[in-house]
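**Q** Here is what each chain is made of, one letter per residue.
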Amino acid sequence: MAKSKRKAEEYRPLTPDERAELERRVDQLFAEAIEKARTLPRDEFVKWWREHGTIKAGGAYEALLEIREAMRGWNDRRKPKHRRKNTSS
Amino acid sequence: MERQAQTEASQKKHFVLNASVSLLWFLRDEPPDLCSKADLLFQDILDGKVIVHVPDRWLDEVCGGLVKAVHAKRLTLNEARDALRRVFRMISLPNWHVHYSNLHWRHEEVTEWAMATSVSFYDAIYLFVAESIDGMFWTADRKLYEFLTRRGNSPRVMWIGDYGESK
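Protein chains in written order, with our numbering: chain L, 1 to 89; chain Y, 1 to 167.
Honestly, the hints are just simulated from the structure, not real lab data.
Please read these numbers as outputs of a predicted model, since none were measured by experiment.
Be aware that a few hints might be false.
List time: in silico BS3-like cross-link candidates among lysine-lysine, alpha-carbon distance up to 27 Å [claimed, not checked]:
#, chain 1, residue 1, chain 2, residue 2
1, Y, Lys73, L, Lys56
2, Y, Lys13, Y, Lys68
3, Y, Lys13, Y, Lys143
4, Y, Lys68, Y, Lys143
5, L, Lys47, Y, Lys13
6, L, Lys47, L, Lys36
7, L, Lys36, Y, Lys143
8, L, Lys36, Y, Lys49
9, Y, Lys68, L, Lys56
10, L, Lys36, Y, Lys73
11, Y, Lys13, Y, Lys73
12, L, Lys36, L, Lys56
Some residues of chain Y that are not near chain L, with every Cβ distance over 12 Å (derived) [what the hints assert, rightly or not]:
#, residue
13, Val98
14, Arg106
15, Ser154
16, Pro155
Every residue, glycine too, gets a C-beta built ideally from N, C-alpha and C.
With the hints as extra help, turn the sequences into a complete structure.
**A** Rendered as structure tokens:
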């Protein structure tokens, strides 16, 4: 997975107020999204959600596929064939 | 005939979702062609037209993907927290069902099933849940989809890129 050029962040947990604000914001977003899902045609819903519901970032999908492949223990690349050494003399 | 129609209707409505599908809903910079298809499914879930079943493993995978993206500096901490909050909001929907180990599925059964079908244990959990609810399994993991369809005996597996095409 290619690393981005973003600088490393220092970890800081959310304060209770920040967590409450995040929960409130996401609840509000979902209430609106449920309403839009019921009323908008499909293409309009997709457009609305992409503009208003998504986070402007990515990388988690690719990261998950890498994890899944590692857990699975196989990938598409074929192992190179090794020639046996001729041990007969 | 009527019974067959009922079965087909139930298969269309009860879906097992791979974690790979769910990560397409909340982040804008994932593959756009897959996101737009996943969003159609997302709309059907929010509208209550689809009943979702996921194994508890699903949440492990979603969290794992987010953490790895943070470590790779593709996501900020707050972006990952925001995405995770949305994930938990999805779980709280009335038509979202989590299938827990030792309650809805057993490790011994899934292990046997995985060994018999040549899929990994982790992939087998999803397929096992799909069998148990008599539903379809939607994935955005192309390699898994191709592996299962190549074998030809996994009629339940569906590619998210095909979602909504029969409508």
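**Q** Against each hint, give a clear statement of whether it holds in the structure.
**A** Now for the hints, and whether the structure bears them out:
1. Y:Lys73 / L:Lys56: 14 Å, holds
2. Y:Lys13 / Y:Lys68: Distance of about 32 Å is beyond 27 Å: violated.
3. Y:Lys13 / Y:Lys143: 25 Å, holds
4. Y:Lys68 / Y:Lys143: 20 Å, holds
5. L:Lys47 / Y:Lys13: Since the Cα atoms of lysine 47 of chain L and lysine 13 of chain Y sit roughly 24 Å apart, the hinted pair holds (cutoff 27 Å).
6. L:Lys47 / L:Lys36: 11 Å, holds
7. L:Lys36 / Y:Lys143: 33 Å, violated
8. L:Lys36 / Y:Lys49: Satisfied, since the Cα-Cα distance of roughly 14 Å is no more than 27 Å.
9. Y:Lys68 / L:Lys56: 17 Å, holds
10. L:Lys36 / Y:Lys73: Measuring from Cα to Cα gives roughly 33 Å; hence the hint is violated.
11. Y:Lys13 / Y:Lys73: 38 Å, violated
12. L:Lys36 / L:Lys56: 20 Å, holds
13. Val98: Holds, because the least Cβ-Cβ distance between valine 98 of chain Y and chain L comes to about 18 Å, which exceeds 12 Å.
14. Arg106: Non-interface label on arginine 106 of chain Y holds, nearest chain L Cβ at 20 Å vs cutoff 12 Å.
15. Ser154: 15 Å, holds
16. Pro155: Given that every Cβ of chain L is farther than 12 Å from that of proline 155 of chain Y, nearest at about 21 Å, it holds.
Consistency with the previously given hints fails for numbers 2, 7, 10, 11, ordered from lowest to highest.
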